[in-house]
Amino acid sequence: MSKIAEGLLYSESHEWVKVDGDVAIIGVSDFAQSEMGDITYVDMPDIDDDVTAGDDFGALESVKTSSELIAPVSGKVVARNDALEDQPEQINEDAYGAWIIKVEMSDKGELESLLNAAAYAKTIE
Amino acid sequence: MDNSLKQTCLHDLHVELGAKMSPFGGFDMPIQYSGIIDEHNAVRHDVGVFDVSHMGEIFISGPDAETYVNHIFTNDIRGMEPGKILYGMMLYPDGGTVDDLLVYKESHPDHYLLVVNAANIDKDYTWMMEQAAGYQVVIDNRSEQWGQIAVQGPQAEKAVCGLLGFPEAAQLSFYTFCDCTREGQRVIVSRTGYTGEDGFEIYATPEQTRAYWKALIAAGVKPCGLGSRDTLRFEAGLPLYGDELTAEISPVMAGLGMFCKLDKPEFIGRDALAEQKANGVPRKLIGIELADKAVPRAGYPVELEDGTEVGVVTTGYHSISLEKSICFALVDSASAALGTPLWIRIRKRTFPGIVVKKRFYQTNYKK
Numbered sequence: 002m003s004k005i006a007e008g009l010l011y012s013e014s015h016e017w018v019k020v021d022g023d024v025a026i027i028g029v030s031d032f033a034q035s036e037m038g039d040i041t042y043v044d045m046p047d048i049d050d051d052v053t054a055g056d057d058f059g060a061l062e063s064v065k066t067s068s069e070l071i072a073p074v075s076g077k078v079v080a081r082n083d084a085l086e087d088q089p090e091q092i093n094e095d096a097y098g099a100w101i102i103k104v105e106m107s108d109k110g111e112l113e114s115l116l117n118a119a120a121y122a123k124t125i126e
Numbered sequence: 039m040d041n042s043l044k045q046t047c048l049h050d051l052h053v054e055l056g057a058k059m060s061p062f063g064g065f066d067m068p069i070q071y072s073g074i075i076d077e078h079n080a081v082r083h084d085v086g087v088f089d090v091s092h093m094g095e096i097f098i099s100g101p102d103a104e105t106y107v108n109h110i111f112t113n114d115i116r117g118m119e120p121g122k123i124l125y126g127m128m129l130y131p132d133g134g135t136v137d138d139l140l141v142y143k144e145s146h147p148d149h150y151l152l153v154v155n156a157a158n159i160d161k162d163y164t165w166m167m168e169q170a171a172g173y174q175v176v177i178d179n180r181s182e183q184w185g186q187i188a189v190q191g192p193q194a195e196k197a198v199c200g201l202l203g204f205p206e207a208a209q210l211s212f213y214t215f216c217d218c219t220r221e222g223q224r225v226i227v228s229r230t231g232y233t234g235e236d237g238f239e240i241y242a243t244p245e246q247t248r249a250y251w252k253a254l255i256a257a258g259v260k261p262c263g264l265g266s267r268d269t270l271r272f273e274a275g276l277p278l279y280g281d282e283l284t285a286e287i288s289p290v291m292a293g294l295g296m297f298c299k300l301d302k303p304e305f306i307g308r309d310a311l312a313e314q315k316a317n318g319v320p321r322k323l324i325g326i327e328l329a330d331k332a333v334p335r336a337g338y339p340v341e342l343e344d345g346t347e348v349g350v351v352t353t354g355y356h357s358i359s360l361e362k363s364i365c366f367a368l369v370d371s372a373s374a375a376l377g378t379p380l381w382i383r384i385r386k387r388t389f390p391g392i393v394v395k396k397r398f399y400q401t402n403y404k405k
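Each protein sequence line maps, in turn, to chains A and B.
Mapping of the first sequence onto the working numbering: position 110 corresponds to residue 111, and the numbering continues sequentially without gaps.
Mapping of the second sequence onto the working numbering: position 8 corresponds to residue 46, and the numbering continues sequentially without gaps.
Simulated from the structure, these hints should not be mistaken for lab results.
Just so you know, these numbers come straight off a predicted model, no measurement behind them.
Heads up, some of the hints might be wrong.
Said to hold, decoys possible - Sample of chain A residues at the chain B side, in silico, Cβ under 10 Å:
| id | residue |
| --- | --- |
| 1 | G59 |
| 2 | V64 |
| 3 | S67 |
| 4 | E86 |
Stated by the list, open to error - To spell it out: a stretch of chain B is covered by chain A in this simulated footprint if at least three of its residues, at any positions, have a beta carbon under 8 Å from a beta carbon of chain A; those stretches are:
| id | region |
| --- | --- |
| 5 | 68 to 74 |
| 6 | 332 to 340 |
Idealized CB from N, CA, C, for every residue including glycine.
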């Protein structure tokens, strides 16, 4: 049974968002990491890249498959978790601790279309 | 579950062990248990066991068995000694591949065992029957009566000879087998595998296969799924039918010409292969090593620096044993020479690589 952290917002494509003022901290859910298996590579955008809600901004690679990362919100990348370059397995170990990018949101209204923990839990039942 | 999927004799034991199951070759098969990396490393450094009961066992016998098998098979079985095994292919007349397979020469005169890929059992059997006109042979598909496990890794000999009680297997060299009898039933133990490591494949009744599997698991031998089977065979440079060999990919294109004996009097596909060897092939299977960690996957385009597409990835991984991103790709022959720089398109970007030998990993077979 995968864990779902309270207090985060979720997309149906299994990204989570933690809102910190105008910044969205983005990662993937525990369900996503467990479906992927051992993650071997995280393809991340560069700082100052623009991301668009609904479009892919990178990908996770496991031994067997790759899975696109879909931006839950639009905006500019202001930070990326470079520790994942050498230790992508941090996502397997702690999906909610291992954030991937931080995005300065251009439209906070987009958050309203995301799911809370309870609603996300229903999508993966 | 899809009801049309077949199950091996070990299916319930995989479910019991918590395996992730998925369809492969018409069977509901275990993809992984503890994880692909863990299982892969167990085989490289210790020992693991795979359920390969989905593979097909087709027995050929009769006065014309030798000439018949030599007619449909690319390698040369003439004068093969009992207990020997040869790898090769069955081809269409145009040189495309029907399947790749093993031929076991049994101790009875004029008896052979052909081991074929699960997904191709029905196709191969039909093909064999169609080619048998005029030959006095019996072609007997006994795939459903045989279970098969592969015990692979540096500690495989200890597990098979000691734990499973086949001391005679210690004498086997690579690509030989022995016939054993256990509880009145025939058991075939061969020193073969699909991992690049030393190991054995054991063919037995479903009941005995279950007993061997349970004994190995109880003794701590790592259960391994098709996920690690693929990463292991790939690193060792071994092709998978459907990816590196197909009806459109001949053994010459795949770099497997050494298993096709053009000096044989004849075999199906011989003339096409001779023509390919003489005049060259349009595309060749190569290995590519990437500088970056991005992972090349089957279907990704292979390009020149200017963006011209010259081929396609057939299998790729971030290699577990070599810790770099590598792939097999089918590319235009002009771009196939060792050392050629090539680029692979992975999502929105291209990543530079270089053509290398397909055997990425130094294999450890028992000679």
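Need the list of violated hint numbers for this structure, in ascending order.
Failing hints: none at all.
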